[in-house]
Amino acid sequence: MMQIILPLRPQKKKKKKKKKKKSGNDESNLDFHDIGPIEEDENRLYDPSKSLTHRVEIAVQKYKKNRKFTSTRNQVFNSYLRFGGISTGPKSFLGQDGLDNADADAEEIAARRVTDYIDDEADDMEVNFTYIVRVYLSSFLIDKSGYVQMDQFREGPQVVISFLNYLHNHKVCPEYEEDMQTALQIANKAKEELPNCKALAQNAPGKLNKACSLLFGGELYGMLDDPWNGEEMVASMIGISRGRKTTH
Numbered sequence: 007m008m009q010i011i012l013p014l015r016p017q018k019k020k021k022k023k024k025k026k027k028k029s030g031n032d033e034s035n036l037d038f039h040d041i042g043p044i045e046e047d048e049n050r051l052y053d054p055s056k057s058l059t060h061r062v063e064i065a066v067q068k069y070k071k072n073r074k075f076t077s078t079r080n081q082v083f084n085s086y087l088r089f090g091g092i093s094t095g096p097k098s099f100l101g102q103d104g105l106d107n108a109d110a111d112a113e114e115i116a117a118r119r120v121t122d123y124i125d126d127e128a129d130d131m132e133v134n135f136t137y138i139v140r141v142y143l144s145s146f147l148i149d150k151s152g153y154v155q156m157d158q159f160r161e162g163p164q165v166v167i168s169f170l171n172y173l174h175n176h177k178v179c180p181e182y183e184e185d186m187q188t189a190l191q192i193a194n195k196a197k198e199e200l201p202n203c204k205a206l207a208q209n210a211p212g213k214l215n216k217a218c219s220l221l222f223g224g225e226l227y228g229m230l231d232d233p234w235n236g237e238e239m240v241a242s243m244i245g246i247s248r249g250r251k252t253t254h
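For the sequence shown, position 224 matches number 230 in my numbering, and the numbering has no gaps at all.
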């Protein structure tokens with residue numbers, strides 16, 4: 007028999023996967039509580055001779071850049087900024103012209119990238135980090151924010167602590183250092199107390215208090231008087247069970 011020798015197919019060389027070069031940006035994918043590296047130009051960006059509004063606007067932009075934000079943290083952080091007098095969203099009169107201008111310095115570029123800003127008339131307003139944190143992490147979050155999820159109450163103090171630590175470590179407003187430290191103490195205390203207050207609000211009043219309210223003229227009084235969707239449904243909605251009638 008005649009043998010047929012087939013030519014061997016040349017083996018394809020496996021392509022080596024190129025490793026992605028590091029961008030050199032030390033801030034990429036920062037952990038939420040990481041203060042981030044101190045940049046070379048920070049002494050100029052946060053020079054105390056500049057207005058506080060200018061420094062804080064730049065700091066918010068730098069803080070948010072490449073930091074890991076969950077949707078809840080982002081929501082709470084924007085809420086905290088607005089409560090403290092910082093509008094979220096770009097200034098209407100600022101465009102992107104000049105971002106790629108070779109003559110623009112780092113400060114000009116940072117200012118144009120700002121998306122959270124303080125009203126120009128706010129320079130004369132009193133600055134009080136302690137007051138803002140105390141009210142925001144108590145009556146505002148519990149009664150006025152509209153938040154209902156426990157995560158939002160856990161994240162509230164964490165967001166405040168993370169941002170104030172950034173302001174402290176990057177020396178954004180050293181003239182308010184003592185005030186910020188007091189605000190941080192309150193926020194650290196709120197880490198424990200705020201979720202507990204929310205849990206108490208969810209679980210109180212108890213069934214006995216609700217029953218007394220139904221019977222003796224409290225907030226729930228009259229809810230079981232001829233309800234359109236049935237007594238048992240109403241009882242279930244307010245967290246109690248309607249007792250069965252017994253015959254003697």
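These are calculated hints, taken from the structure and not from any lab test. All figures in this text were calculated on a predicted structure; none of them were measured in a lab. Think of the CB as a built atom: it goes at the ideal place given N, C-alpha and C, for glycine as much as any other residue. Be a bit skeptical, because a hint or two may be false.
Said to hold, decoys possible - With a straight-line Cα cutoff of 25 Å, these simulated SDA-like cross-link-like pairs (lysine to any residue) come out:
hint, residue 1, residue 2
1, Lys197, Asp47
2, Lys150, Asp231
3, Lys150, Asn72
4, Lys150, Thr94
5, Lys150, Lys177
6, Lys204, Val133
7, Lys56, Lys150
8, Lys197, Phe89
9, Lys197, Thr136
10, Lys74, Met156
11, Lys197, Lys213
What the hints assert, rightly or not - Listed next, with one range per pair, are the computed distances between beta-carbon atoms:
hint, residue 1, residue 2, range
12, Asn80, Gly228, 41 to 47 Å
13, Leu221, Gly91, 25 to 31 Å
14, Ser144, Thr94, 28 to 34 Å
15, Glu225, Gly152, 46 to 52 Å
Against the structure, the hints come out as follows:
no.: 1; hint: Lys197 with Asp47; result: 34 Å, violated
no.: 2; hint: Lys150 with Asp231; result: 31 Å, violated
no.: 3; hint: Lys150 with Asn72; result: 30 Å, violated
no.: 4; hint: Lys150 with Thr94; result: 19 Å, holds
no.: 5; hint: Lys150 with Lys177; result: 32 Å, violated
no.: 6; hint: Lys204 with Val133; result: 29 Å, violated
no.: 7; hint: Lys56 with Lys150; result: 34 Å, violated
no.: 8; hint: Lys197 with Phe89; result: 19 Å, holds
no.: 9; hint: Lys197 with Thr136; result: 16 Å, holds
no.: 10; hint: Lys74 with Met156; result: 20 Å, holds
no.: 11; hint: Lys197 with Lys213; result: 29 Å, violated
no.: 12; hint: Asn80 with Gly228: 41 to 47 Å; result: 42 Å, holds
no.: 13; hint: Leu221 with Gly91: 25 to 31 Å; result: 47 Å, violated
no.: 14; hint: Ser144 with Thr94: 28 to 34 Å; result: 22 Å, violated
no.: 15; hint: Glu225 with Gly152: 46 to 52 Å; result: 20 Å, violated
Checked against the numbered hints given earlier, this structure breaks hints 1, 2, 3, 5, 6, 7, 11, 13, 14 and 15; the rest are met.
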